[in-house]
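There are 4 protein chains.
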Amino acid sequence: METIKAAIIGVTGYSGIELYRLLRQHPHIEVQSVHASQSVGQNLSDLFPHIGNGQEIIIEAVDSEQIMKTVDLVFLATPSGYSKDMAGLFLEQDFPVVDLSGDYRLPAEAYEKWYDKPAAPASEQERFTYGLSEWTNLFGKKFISNPGCYATATLLSLLPLVDIIDEKSIIVDAKSGLTGAGKSLTASSHFVQAYGNYSTYKLNRHQHIPEIMQVLQAHNPDIPHLQFSTSLLPINRGIVATSYLHLKDGMTEEDVDLAFKEAYKESAFVQLHGHQFPDLHQVVGSNRVAIGWEYNPRTEVLTVMTVLDNLIKGAAGQAIQNVNLMYGFPETAGLDNLASYI
Amino acid sequence: METIKAAIIGVTGYSGIELYRLLRQHPHIEVQSVHASQSVGQNLSDLFPHIGNGQEIIIEAVDSEQIMKTVDLVFLATPSGYSKDMAGLFLEQDFPVVDLSGDYRLPAEAYEKWYDKPAAPASEQERFTYGLSEWTNLFGKKFISNPGCYATATLLSLLPLVDIIDEKSIIVDAKSGLTGAGKSLTASSHFVQAYGNYSTYKLNRHQHIPEIMQVLQAHNPDIPHLQFSTSLLPINRGIVATSYLHLKDGMTEEDVDLAFKEAYKESAFVQLHGHQFPDLHQVVGSNRVAIGWEYNPRTEVLTVMTVLDNLIKGAAGQAIQNVNLMYGFPETAGLDNLASYI
Amino acid sequence: METIKAAIIGVTGYSGIELYRLLRQHPHIEVQSVHASQSVGQNLSDLFPHIGNGQEIIIEAVDSEQIMKTVDLVFLATPSGYSKDMAGLFLEQDFPVVDLSGDYRLPAEAYEKWYDKPAAPASEQERFTYGLSEWTNLFGKKFISNPGCYATATLLSLLPLVDIIDEKSIIVDAKSGLTGAGKSLTASSHFVQAYGNYSTYKLNRHQHIPEIMQVLQAHNPDIPHLQFSTSLLPINRGIVATSYLHLKDGMTEEDVDLAFKEAYKESAFVQLHGHQFPDLHQVVGSNRVAIGWEYNPRTEVLTVMTVLDNLIKGAAGQAIQNVNLMYGFPETAGLDNLASYI
Amino acid sequence: METIKAAIIGVTGYSGIELYRLLRQHPHIEVQSVHASQSVGQNLSDLFPHIGNGQEIIIEAVDSEQIMKTVDLVFLATPSGYSKDMAGLFLEQDFPVVDLSGDYRLPAEAYEKWYDKPAAPASEQERFTYGLSEWTNLFGKKFISNPGCYATATLLSLLPLVDIIDEKSIIVDAKSGLTGAGKSLTASSHFVQAYGNYSTYKLNRHQHIPEIMQVLQAHNPDIPHLQFSTSLLPINRGIVATSYLHLKDGMTEEDVDLAFKEAYKESAFVQLHGHQFPDLHQVVGSNRVAIGWEYNPRTEVLTVMTVLDNLIKGAAGQAIQNVNLMYGFPETAGLDNLASYI
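Residue numbers (full-length UniProt numbering), protein chains in the order written: chain A, 1 to 342; chain B, 1 to 342; chain C, 1 to 342; chain D, 1 to 342.
To be clear, the hints were calculated from the coordinates, so they are not data collected in a lab. Certain hints may be false.
[What the hints assert, rightly or not] Pairs of lysine to aspartate or glutamate residues, derived as EDC-like cross-links and limited to a Cα-Cα distance of at most 20 Å, are as follows:
id	chain 1	residue 1	chain 2	residue 2
1	B	168	A	300
2	D	265	A	56
3	B	168	A	294
4	A	202	A	116
5	D	265	A	294
[To be verified] Selected chain A positions facing chain B (in silico; Cβ < 10 Å):
id	residue
6	139
7	170
8	196
9	201
10	227
11	240
12	292
13	300
14	307
Virtual Cβ for every residue (Gly too), placed ideally from N, Cα, C.
Model the full assembly from the supplied sequences, consistent with the hints where possible.
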């Protein structure tokens with residue numbers, strides 16, 4: 001089978017270094033070069049000593065022309081607001097891009113409202129396919145906008161159910177480990193602040209809300225604005241999305257079971273737990289998603305709990321899964337690590 | 001002002017030792033003796049080296065007659081299922097009891113269903129007053145059934161709102177630190193299992209559900225069965241209760257603000273945060289409760305977040321607050337510690 | 001008994017806010033005003049919601065003249081390098097100062113070498129008494145230089161033993177929780193970096209080394225340069241100092257036991273655990289110090305393990321203890337909180 | 001290249017399930033069957049949901065005859081005291097065994113003293129080779145006794161130095177995450193007890209002491225009894241061994257550097273950090289070992305800090321590395337995962 005060469009731009013961020021780490025095991029993707037705006041000329045192994053053993057992996061500046069000459073695809077692991085400045089030249093030359101930021105997930109108006117930054121040109125944004133691997137055919141695609149971590153967990157919970165739930169009933173209480181807050185040094189990611197704590201932030205204002213809504217609405221236009229909470233768990237890795245839903249009249253627990261089983265019957269990474277709720281140990285360290293659900297007949301509320309590793313299935317792992325799908329590699333290539341469990 | 005003497009039965013459990021610790025600072029309550037079914041004859045300072053400095057505090061067997069001769073009130077910090085075996089002799093002699101277990105919180109039928117244990121006699125159960133300090137007049141009472149930790153957080157969130165919310169809309173997503181799971185060695189409280197994890201347990205089956213329901217229903221009989229999730233946070237102390245609610249037609253955000261301010265305007269321990277959500281650092285180590293709320297006009301959902309220290313306001317601290325109210329001591333006596341914050 | 005009024009300068013740092021919190025319970029010290037260089041004019045309760053319940057505690061700029069008119073003593077909870085800029089005016093007027101920074105702990109030459117900052121004038125430095133409460137008579141003193149957290153733990157371990165150990169044998173392996181690293185946002189205090197980790201820093205370069213050495217050498221001039229490691233534990237509060245020592249010829253385990261018992265026989269805060277090693281739960285939240293030791297006859301090594309809460313006995317608590325001693329208040333006034341244990 | 005088949009006995013313990021997890025990626029070792037004394041007949045995927053996706057991996061009872069018929073090698077991931085009851089039948093038939101317990105690491109007398117259990121017969125014990133991969137030629141061996149986690153970290157620190165250090169000077173301060181304490185539910189591994197804590201246990205009594213001593217003494221018979229502390233870090237995975245040493249007269253820092261470089265110049269897994277101390281993030285999740293050292297000329301103490309993942313290089317990973325060496329597979333086969341870093 002074919003092997004492709006890739007460059008990672010933004011390798012020093014959490015998603016970037018995770019991409020590098022995971023791709024070291026990939027049988028069909030070879031990382032040819034790594035790039036960043038800072039630390040250029042330094043050895044990646046010096047900055048990230050878990051990577052190397054004396055090996056030289058020099059961080060290069062971003063030279064798009066040069067990159068397009070030497071690799072087949074570029075990963076943009078750059079923060080939202082930066083990717084769109086990087087992507088232009090690649091798009092112009094129709095060169096394959098997988099973007100892990102939020103820059104190509106939303107139409108300009110929504111982007112500017114929720115991100116409070118200038119949006120990428122609509123002409124660029126429209127060329128991207130939203131890469132929720134389990135729900136889109138990505139074979140042969142060239143430009144992938146990789147989903148957000150909260151969005152991945154929430155969409156995998158709700159998409160199987162869009163037609164059997166009361167659309168107005170959706171409430172999501174989502175939680176994330178601190179790696180989800182990124183590498184920048186902020187008061188809320190200071191160890192002392194987050195340790196032993198649980199804090200809710202950006203209530204109803206998280207930028208993954210419109211991303212989730214637009215995908216849900218594409219499947220069921222009756223779905224209204226989403227009620228969505230985001231909180232920080234005092235751990236490093238993990239997303240938990242707990243959703244509360246009412247069923248449409250006439251729908252039953254069996255319809256729910258069936259919907260989940262049907263949706264993920266061929267999925268390599270989604271594990272259905274039915275009435276036993278999953279926990280983070282089952283997924284952290286892997287590209288797995290675990291989903292549990294339970295219907296309470298007395299309250300008529302369906303609870304769905306979905307867990308995943310925000311840096312893998314919520315970022316770098318899903319990006320690799322998407323490249324596998326784009327190129328027709330086995331979907332699990334390079335992603336067969338099990339969760340470390342403990 | 002008067003000083004009373006107290007005995008603690010069950011001093012070696014988490015609530016019992018916390019009671020002992022807090023009462024050491026109380027100006028009007030003196031711990032005369034400590035009791036347990038195990039470790040009798042041992043020095044409490046040896047088992048709990050944070051307590052003493054060579055001091056002898058011998059753990060005594062439970063001899064109700066002797067206790068009633070020497071103290072004015074007994075705290076039962078015994079587990080659910082044990083308190084009812086202890087309380088009988090005290091009740092017979094009309095001797096003041098504050099029970100921290102679930103044994104006197106529910107009518108027999110509900111107790112047996114949710115606790116799966118034989119209930120205390122109805123004649124005993126009826127003599128107890130449910131001691132949610134902020135919502136009951138406890139002056140002159142003799143028998144207090146101290147609320148559960150989840151119940152305290154949830155009721156303090158919802159009681160101000162019972163008349164202005166759509167009764168059918170209540171969904172509570174509650175989380176607790178591991179001390180809430182008690183001292184017994186179980187697979188779920190093993191360090192390795194809980195560390196770096198988040199797990200949901202007893203979904204729709206937690207024994208605090210009927211306790212919460214009966215108090216809510218006493219204020220508004222239209223409130224139906226409660227949707228209630230409970231999860232373990234990988235920390236030691238803290239309860240977070242996040243509630244999702246719809247308002248009754250015609251009710252607005254201002255009504256919510258007003259309801260909270262009215263309910264707690266004279267409360268020494270409830271801090272209202274309005275639209276800034278509280279976190280656990282604000283309450284852990286103190287008897288404080290902090291409540292934040294926000295109404296989302298687009299989804300018409302009101303989110304209420306309440307935090308407290310499960311061992312203090314959720315157990316031992318509230319028990320002391322209740323004794324203060326029973327005897328007319330200042331409500332904050334012995335409870336003026338601030339949260340340790342970091 | 002007399003009550004004094006105090007001002008806290010640097011109230012927004014970890015030591016400053018801890019001082020404020022602890023002094024709220026002090027029967028003889030009243031905090032009259034709080035000061036900082038930033039956040040002037042803001043309400044302390046807004047910045048630290050665990051403090052207040054709507055109360056206004058306005059942060060004031062530092063106006064030394066005004067402070068000296070209204071209070072009896074000033075706490076400098078300012079960082080090293082800042083205290084010396086604050087202290088001058090107070091010293092000029094012979095106004096009582098307790099400084100929690102390192103600025104008055106070392107002679108100028110040592111200070112400039114280890115802190116890499118300009119030192120306070122020698123004429124000022126000499127007026128300060130080093131406030132290791134258990135080892136100095138502080139009654140009537142006016143200027144206290146409060147010890148560092150590592151220094152407190154290490155000196156309380158070693159001072160009783162200076163005459164019975166082989167002076168050349170001392171090796172200290174010390175560990176600290178993250179609050180010891182302060183409030184500034186650094187890569188090493190980022191949650192993601194410290195979580196699940198253990199890292200050794202400033203090996204042989206920590207600024208508490210000369211502070212410890214000079215006190216030890218004042219008791220035994222034969223003590224040479226100190227071997228001292230410092231590491232970060234992934235927790236918020238706590239210092240652990242593990243010391244490895246050889247005994248002088250002819251000295252035995254009994255001499256060690258005797259030395260500890262003699263040294264701390266009248267100490268209110270030092271708990272001797274003998275051959276049962278203490279852990280952090282016994283001290284965190286209190287001004288207590290717990291010391292355990294064990295002699296290994298096969299290796300002829302004495303291990304001493306000392307634990308304390310770095311923000312209390314290692315900073316704010318010891319500062320209060322020192323004021324108690326200066327003014328002849330009971331040594332434990334305001335400091336009778338037990339460790340929270342769990 | 002050849003592929004061998006293996007059975008895992010004790011698959012439900014932490015080392016056993018970690019072996020299973022890691023072997024899933026091994027190109028030359030296939031797990032043919034898994035065995036335990038409990039949970040026989042259950043699906044491993046049900047007990048450990050991170051493992052499977054509906055797959056049936058039935059836990060079988062231990063039938064040695066049957067195992068020898070179907071596989072080429074057996075891993076004993078059984079606790080100390082149990083392995084020796086399992087190993088006999090395999091040894092009788094000269095069937096390859098890798099034992100992860102302590103049962104074949106020590107001569108009978110030492111074993112019975114330090115483990116307080118009956119020892120395996122000397123005739124069996126002598127057939128085992130101690131499998132410290134970097135220091136033994138294991139090619140063609142049949143019976144491997146896999147080293148303990150503390151022993152691995154300490155020996156990799158000290159073996160390069162045995163000839164250049166003052167033999168009497170060795171002091172080791174070692175720390176372990178909670179997975180090192182195993183799966184049994186004990187008071188010290190209860191979440192509430194270990195959280196936010198640091199506790200030293202089995203001081204001078206840990207069963208890895210004689211294991212370390214005998215290997216050191218085999219390289220330098222002048223090495224006396226070892227001073228060795230063991231403490232629990234409030235994390236799941238990781239060993240830190242901090243060693244304090246004096247150099248022999250005439251030896252210098254350069255000799256230390258040289259000794260480490262020489263010892264590990266061909267090592268695939270040992271990373272030398274020289275004067276930058278490593279942390280746990282560099283190794284957890286991988287079979288890597290990272291070693292840093294620094295000589296303090298003023299105290300004449302050499303500090304060596306070694307970190308590894310106790311379940312991988314300290315147990316299951318090293319067992320796999322050893323099988324690779326026994327069979328002449330590439331040493332890193334199945335072990336090329338990098339540390340997860342964050």
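(message) Hinted pair, alpha-carbon criterion (20 Å max): residue 168 of chain B, residue 300 of chain A. Please report holds or violated.
(response) Between residue 168 of chain B and residue 300 of chain A the Cα gap is close to 10 Å, so the pair holds against 20 Å.
(message) So, as I understand it, the hint says residue 170 of chain A touches chain B; can you test that by seeing if any CB pair is closer than 10 Å?
(response) holds, 9 Å
(message) A closest beta-carbon separation below 10 Å is what the hint needs, so does residue 139 of chain A meet it against chain B?
(response) With a closest approach of 35 Å, the residue 139 of chain A hint is violated.
(message) Hinted pair, alpha-carbon criterion (20 Å max): residue 265 of chain D, residue 294 of chain A. Please report holds or violated.
(response) violated, 56 Å
(request) Hold the hint about residue 201 of chain A up to the distance rule: shortest CB distance to chain B must be less than 10 Å. (result) Hint holds; residue 201 of chain A Cβ to chain B Cβ min 8 Å, cut 10 Å.
(message) Given residue 307 of chain A as an interface hint, is its Cβ closer than 10 Å to any Cβ of chain B?
(response) holds, 8 Å
(message) Check the hint pairing residue 168 of chain B with residue 294 of chain A against an upper bound of 20 Å on the C-alpha distance.
(response) holds, 19 Å
(request) With a cut-off of 20 Å on the C-alpha distance, tell me whether residue 202 of chain A and residue 116 of chain A pass. (result) This hinted pair holds, its Cα atoms lying about 14 Å apart.
(message) Interface hint check: residue 227 of chain A, Cβ to nearest Cβ on chain B, cutoff 10 Å. Holds or violated?
(response) holds, 4 Å
(message) Holds or violated: residue 265 of chain D and residue 56 of chain A, Cα atoms, limit 20 Å.
(response) Roughly 17 Å between the alpha carbons, so the hint for residue 265 of chain D and residue 56 of chain A holds.
(request) Mind checking the CB of residue 196 of chain A against every CB in chain B and telling me if the closest is under 10 Å? (result) Because about 5 Å separates residue 196 of chain A from the closest Cβ in chain B, which is inside the 10 Å limit, the hint holds.
(message) Please check whether residue 240 of chain A passes as an interface residue: C-beta within 10 Å of a C-beta belonging to chain B.
(response) With a closest approach of 5 Å, the residue 240 of chain A hint holds.
Of the numbered hints given earlier, the model fails hints 5 and 6; all others are met.
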